[in-house]
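Q: Here the protein sequences come in this chain order: A and B. Taking the working numbering, the leading residue of the first sequence gets 1, the next gets one more, and so forth. Taking the working numbering, the leading residue of the second sequence gets 1, the next gets one more, and so forth.
Hints are computed from structural coordinates only; laboratory data are not their basis. Be careful, since some hints might not be right.
Said to hold, decoys possible - For lysine-lysine, the following DSSO-like pairs were computed, each having C-alpha atoms within a straight-line distance of at most 30 Å:
#	chain 1	residue 1	chain 2	residue 2
1	B	Lys-115	A	Lys-84
2	B	Lys-115	A	Lys-53
3	B	Lys-115	A	Lys-114
4	A	Lys-84	B	Lys-155
Take a look at the letters that make up each chain.
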Amino acid sequence: MRWISAVLLGAFVGAASANDVGQVKVTKGVAHVERDGARMPVVVGMPIRQSDKLVTGADGTVGVTFADNSLLSAGPNSTLVVDKFSFNASTHEGQFDASLQRGTLAVISGKMVKQSPDAMRIRTPASILGVRGTEFVVKVADPGS
Amino acid sequence: MTARTTLCVVLALLACSCATPIREETVVVLPGPDGKSGTVVVQREGARQVLDSPYAANVVRGDGSLEASRASALQISESFGTTLAALPARPTTFLLYFITAKDELTAESTADLDKVLADMRTRPVPDIAVTGHTDTVGTSEYNDRLSMQRAERVKGFLTGIGIPPDRIQTAGRGKRELLVPTADGIDEPRNRRVEINVR
């Protein structure tokens with residue numbers, strides 16, 4: 001029964017904490033999270049917190065589901081930072097700021113954007129993207145390319 | 001050195017200081033499951049572009065200029081296929097209904113709990129968000145409390161069928177999000193529900 005393995009994996013990566021704002025649902029290849037100066041390999045089931053930096057290698061991808069049902073995935077050779085995430089499940093108010101420093105990102109926005117259209121912003125080195133409830137992709141070319 | 005050559009040198013220095021190359025950036029809005037798209041507003045310094053149709057794109061060029069563009073489905077799959085493949089499965093939504101002013105499920109909804117379990121089994125690390133809702137009978141405070149009770153009750157059912165409690169978050173949204181819009185004080189059965197997001 002697949003459910004059993006999921007439960008065991010859940011126990012392995014640790015119980016949910018109040019600081020968790022999302023969870024890794026998908027990952028392939030080399031990817032790690034930088035948190036409080038430490039570097040941890042990304043595994044499915046891992047909780048994601050505010051200020052986490054996700055870094056993927058040449059064959060790496062990471063997909064995260066956030067508390068408001070926002071879905072984000074980083075492609076290979078990418079650096080994505082969760083700058084700020086807050087969400088009130090009763091009022092649906094919140095704020096979601098993330099930065100794509102390099103690489104590719106895919107986004108399906110979640111509940112907080114439906115509540116307030118300015119709640120989600122994605123920063124890139126050159127611009128700021130205001131998200132009004134949609135699906136989109138972003139690419140930041142590597143230096144020199 | 002003449003004033004003119006001095007000016008030239010200053011301009012050249014300014015050009016150098018600005019020469020940190022801007023990396024090309026591309027943003028493309030995609031169609032949702034219904035074929036429509038929402039909106040992304042791209043801002044760079046003074047410039048602003050609104051992308052509000054499927055495959056509408058914006059490119060920041062190396063010189064810093066914003067350029068409107070349009071992508072094709074083929075270009076998206078070539079440039080973003082690997083990234084899109086890593087998106088988590090969309091959350092599934094189940095609605096369970098309650099008997100008036102109680103935190104008891106209707107018989108039909110009790111049977112629907114099995115569907116939640118079946119959906120969870122298709123996901124690698126499922127977690128569940130349970131959100132209670134009420135009709136508009138009663139005060140906001142009363143309905144906030146009742147909606148939370150309903151969410152907790154459903155969490156109880158789910159843990160009863162073997163789902164670990166630390167995988168289930170609950171919230172009460174009271175009468176803020178009516179499935180069927182009504183005036184205040186209306187006993188509308190379809191508004192007395194709990195939304196389960198399996199994700």
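Q: For every hint, state whether the structure bears it out.
A: Hints and how they fare:
For the hint linking Lys-115(B) to Lys-84(A), the alpha-carbon distance of about 35 Å lies beyond 30 Å, and the restraint is violated. For the hint linking Lys-115(B) to Lys-53(A), the alpha-carbon distance of about 36 Å lies beyond 30 Å, and the restraint is violated. For the suggested pair Lys-115(B) and Lys-114(A), the alpha carbons sit about 27 Å apart, so the restraint of at most 30 Å is met. The hinted pair formed by Lys-84(A) and Lys-155(B) meets the criterion: a straight-line CA distance of about 29 Å does not exceed 30 Å.
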